[in-house]
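K.L.:
Heads up: the sequence lines are chains S and L, in that order.
Mapping to full-length UniProt numbering: the first sequence position 68 is 68, numbers consecutive.
Mapping to full-length UniProt numbering: the second sequence position 41 is 41, numbers consecutive.
Where hints are given, some of them may not hold.
To be verified - Listed next, the stretches of chain S that the computed footprint assigns to chain L, with coverage defined by at least 3 CB atoms under 8 Å from CB atoms of chain L:
{"hint": "1", "stretch": "23-30"}
{"hint": "2", "stretch": "86-95"}
{"hint": "3", "stretch": "159-172"}
Claimed, not checked - When the alpha-carbon atoms are kept at most 27 Å apart in a straight line, the in silico BS3-like pairs for lysine-lysine are as follows:
{"hint": "4", "chain 1": "S", "residue 1": "Lys-152", "chain 2": "L", "residue 2": "Lys-52"}
{"hint": "5", "chain 1": "S", "residue 1": "Lys-152", "chain 2": "L", "residue 2": "Lys-32"}
{"hint": "6", "chain 1": "L", "residue 1": "Lys-152", "chain 2": "S", "residue 2": "Lys-52"}
{"hint": "7", "chain 1": "L", "residue 1": "Lys-144", "chain 2": "S", "residue 2": "Lys-52"}
Hints in this document: simulated from the structure, not taken from any laboratory.
Here the structure is a predicted model, which means the values were calculated and not measured.
All residues carry an ideal CB built from backbone N, CA and C; glycine is no exception.
Protein chains: 2
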Amino acid sequence: MSFKTEHQPGMTETPAPQTRGFRLNHSMLRVKDPERSLAFYSRVFGMRLLRKLDFPELDFSLYFLAALDEGETVPEDVGERTRWTFSQRGILELTHNYGTEIDPDFHYHDGNAEPQGFGHICFAVPDLDAAVKWLDDNQVRFVKRPEDGALKDVAFVTDPDGYWIEILEPARLGRLGQT
Amino acid sequence: MSFKTEHQPGMTETPAPQTRGFRLNHSMLRVKDPERSLAFYSRVFGMRLLRKLDFPELDFSLYFLAALDEGETVPEDVGERTRWTFSQRGILELTHNYGTEIDPDFHYHDGNAEPQGFGHICFAVPDLDAAVKWLDDNQVRFVKRPEDGALKDVAFVTDPDGYWIEILEPARLGRLGQT
């Protein structure tokens, strides 16, 4: 591999052979109401449901979603599709613990209010202006519009549970952090 | 696209054209001590540091990490590399707010203790048994070993901030959720 990583204290610059083939497959967020979340992520972000896994004896179901590239194919066979799903990068896992959707007082913690931890997921989009219009057309709530704040050209919206989603256009960020 | 998604209430089965090119780029976690986290993710998970972005006027720095495939190349030019980083899937962004690393009482919230929200990130590995040995060799803390609990063949470990990391081998999960 010709790429030399940026040097920082702590970094092991050459990956150990024991880590070969490790892939960052997914991030998991708990959601109150899967119907509401599936409607949001499929309608607004074009995500597809690769697999739903039910664990009725444990009172939860898992939904694995991906924003696929145009023409990208996914195995039809369910076993193959499960293996494929867990072999990809950039999967979103939504966990539904049964019953939360009918509890009017129930809500999850977004990680940005105290106590802080997890911050956000992020979608790259080919055209930030068009994406902002699309998000407005779908009445998505903005935490920060691209023109707001110190960091221009980056937006933040919320999903139905209040989790933050960053929206950025890679081509606009080429000079980010260059001094 | 030949793949037909699994049907669930709420799902828009055909992505809107306005969502074309959307990609789930990264998930962001706040970390107390970047040196400690970079050592962990580069040593134990073989991640590379694609970009560090400093915002000294806002008192934070961002670290963008990826577990690259063998032979996968990354642009050397820093502007190209920034654009490339934000165009990928499966990037991990670590946010360091300056000063947390020297505060002995400071810690972030993992999302699994109350109040719950975010759950975990997940690495797919080619050989779960070898990965477990590697994690043990590196004194990584296990929340759940593959043989524990109702869900076999899946492990959970913690990162230096206590965030959960799932470890799975896709080939072992082909029958998961099939009735």
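K.L.:
If a hint holds in the structure, say so; if it doesn't, say that too.
P.N.:
Now for the hints, and whether the structure bears them out:
1. Counting residues of the stretch 23-30 of chain S whose beta carbon lies closer than 8 Å to any beta carbon of chain L gives 8, which meets the minimum of three for the stated coverage.
2. Check on the stretch 86-95 of chain S: 9 of its residues sit with their Cβ under 8 Å from a Cβ of chain L, so the three-residue criterion for coverage holds.
3. A count of 6 residues in the stretch 159-172 of chain S with a Cβ less than 8 Å from any Cβ of chain L is obtained; the coverage claim is therefore met, three being the minimum.
4. At roughly 18 Å between alpha-carbon atoms, Lys-152(S) and Lys-52(L) fall within 27 Å of each other, so this suggested pair holds.
5. Simply put, Lys-152(S) and Lys-32(L) have alpha-carbon atoms about 26 Å apart, close enough for the 27 Å limit, and the pair holds.
6. Between Lys-152(L) and Lys-52(S) the alpha-carbon distance is near 18 Å, which keeps this suggested pair within the 27 Å criterion.
7. Pair hint Lys-144(L) plus Lys-52(S) holds up; C-alpha atoms about 23 Å apart against a cutoff of 27 Å.
Comparing the model with each numbered hint stated earlier shows that all of them hold.
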